[in-house]
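Trainee: So the protein lines, in turn, are chains X and B. For the first sequence, the working numbering begins at 1 and goes up steadily by one. For the second sequence, the working numbering begins at 1001 and goes up steadily by one.
Just so you know, these hints were derived from the structure itself, not from any lab. None of the values given here were measured: they were computed from a predicted structure. Hints are supplied without guarantee of correctness; some may be wrong.
[As the list claims (entries may be wrong)] DSSO-like mimics (lysine-lysine), calculated; alpha carbons at most 30 Å apart, straight line:
hint	chain 1	residue 1	chain 2	residue 2
1	X	Lys114	B	Lys1395
2	B	Lys1082	B	Lys1152
3	X	Lys83	X	Lys140
4	X	Lys76	X	Lys3
5	B	Lys1082	X	Lys76
6	X	Lys98	B	Lys1152
7	B	Lys1311	X	Lys75
8	B	Lys1401	X	Lys27
[Said to hold, decoys possible] To spell it out: a stretch of chain X is covered by chain B in this simulated footprint if at least three of its residues, at any positions, have a beta carbon under 8 Å from a beta carbon of chain B; those stretches are:
hint	stretch
9	69–82
10	104–117
11	191–198
12	210–218
Glycine included, every Cβ here is placed at the ideal spot set by N, Cα and C.
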Amino acid sequence: MLKINQLHKSYPIGDSSLHVLKGIDLKVEEGEMVAIMGSSGSGKSTLLNIIGMLDEADSGDYILDGLPIKDLTEKKAAVYRNKFLGFIFQSFNLINYKNALENVALPLYYQGMKRKERQEKALFHLEKVGLADWAQHLPKELSGGQNQRVAIARALAANPKLLLADEPTGALDTKTSHEIMAFIQQLNDEGKTILMVTHEEDIASMCKRVVRLRDGVIMEDKKVEQVRAEQYV
Amino acid sequence: MFDLDLWREIFQSINMNRTRSLLSGFTVAFAILLFTILFGIANGLQNTFAEAFVDDASNSIFINSGKTTKAHKGLQAGRRIKFKNEDFDYVKDEFGNKIEFITARIYRNAQASFRNEQNTYDLRAVHPDHQFLEKTKIKEGRYINQNDLNKKTKVVVIGRLVEEDLFLKTKALGKYINLSGIQYKVVGIFTDDGGDNEERKIYMPITTAQHLYGNNDYIDQISLTYNPEMNYDQALAFGNQITKKMKDRFSVARSDQRAIRVRNMAEGTKAVGQMTFGLSVIILVIGFGTLIAGVVGISNIMIFIVKERTKEIGIRKALGASPRSIVSIILIESIIITAIAGYFGLLIGMGVLELVGPSLKTYFIKDPGVSNSLVIGATITLILAGAIAGYLPAKKASRIKPIVALRND
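Could you put the whole structure together from the sequences, leaning on the hints where they help?
Mentor: Written out as structure tokens, the structure is:
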């Protein structure tokens, strides 16, 4: 599904440069649920950005679903992002003047789907996250947990191969966090591949595999016994 | 090309951010408002000037005589030059192909009366061509004609206000008017755009006047219009040629400024043309200045908007928006705001001109207003201006990196 070989990335800081990723090798199979852990500055967000095609590596290979991701034009990157990836962010990143339905429909709009079809599909996904009744509400009228569920519906809307989550529970309280995690686990059960950045141990333990980063290299990569989130809800 | 969804996106964005859109539109609306008012006032000034010259044909030349101031060819200074019919015929024959209309004039004052009403008026004895020189408009009846001249008939054509003064509410046409003791038949009533004074005049055949007032063949002035196909330089040369020939004919020194005076309207026309042109240039410069200020203003606000929307644009890009779609959104939004606001400014400006226009007449501004072509031109300019104003910010927006926009801070 996803294969990374000797990935390097550094950022210029003044005259010198900061070497953030120092040769990452990573392989993720379909249906996996991987947590990428590490303290801040370990390079975990950079890695996720490169996987999400929001940033580009300096060297190394990155192959997604058999497709080499290299030297993409902005336009091509936009198409790939839309087709292959679903993003879930810590701060939800919903567009504040669009209601839940419109937010979910946005990736479909960029696919060029017809308005009617788009809305039907968006409503279907909203229903899936249990927010069909809130379709016409603006993000500010929803709670944090509801917003994150709208964001998840949006990430799912384009039916991506890979879900990328950047601290999806970072802005939520424990109870809501567990609700969201239960939901993400359910998606994984249905076969979605999920890659998640977190620095919370209990969230990481709810994944099936934990990759620990420190100073730009992988320290540890092991399968874990998944803790189900439902039991806390 | 037409993408309904794109327009929906844009209108949603404008609608959801009303204050922002209003503020950015305000700059442009104000710029166009100023532009319209300035332009209207300039038009008003031009109208005033144009009107000042409608009284007479703009290609007129007037030839007058006076006393010589210099001795010449054995003749003493102080000799009075007087034109006669033969001089009129001379000019007519000599320059026939360059002349459009020609008339002689005799000036008199006349004590005019009808029944109990009486008043003093300027009397002009003329040839039929005079009608076209003076741009006299016949309201009723007819003008002086060649038949009147041949038969020296006692007929007059009177101004609209003469009729009003003397005939009160009754019709003057066909009635007899008493001029200094002689009865003349009123054969026509005229109007003139030159103002009230021009409509308080009485015209009669030149031969009649010569016969009744002294039985001579003197004339006071020769007026003519040159062929309108002549350009400015040719017209000036023609005027100089007439001056020269007439001075030779009356043995007047070339340097004598008083004996033969030729007034050529071409000189004035040129001056007015230059002034109008200068005025237009100034207005255009000021207008474009305001417009540019408006464009810079909206560009500024668009840059701010892009900054404010950085996160949104980042989200859109992460979800698969191409750089082009980002450019379209910002650019078209800018164009729409500019066009609508500008049009609003234009309408207000036209309204203001319409409202205050009449009261500006005392300041030499007549009928201020903007033409249809200006409205169309302004609309096109506005769309262009909006595109220019939006282009840089749009480019900037399309270069926003999603990771920068989506940082969790």
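Trainee: Against each hint, give a clear statement of whether it holds in the structure.
Mentor: Hint check:
| no. | hint | result |
| --- | --- | --- |
| 1 | X:Lys114 - B:Lys1395 | 27 Å, holds |
| 2 | B:Lys1082 - B:Lys1152 | 22 Å, holds |
| 3 | X:Lys83 - X:Lys140 | 28 Å, holds |
| 4 | X:Lys76 - X:Lys3 | 20 Å, holds |
| 5 | B:Lys1082 - X:Lys76 | 95 Å, violated |
| 6 | X:Lys98 - B:Lys1152 | 92 Å, violated |
| 7 | B:Lys1311 - X:Lys75 | 19 Å, holds |
| 8 | B:Lys1401 - X:Lys27 | 27 Å, holds |
| 9 | 69–82 | holds (count 6) |
| 10 | 104–117 | holds (count 6) |
| 11 | 191–198 | violated (count 0) |
| 12 | 210–218 | violated (count 0) |
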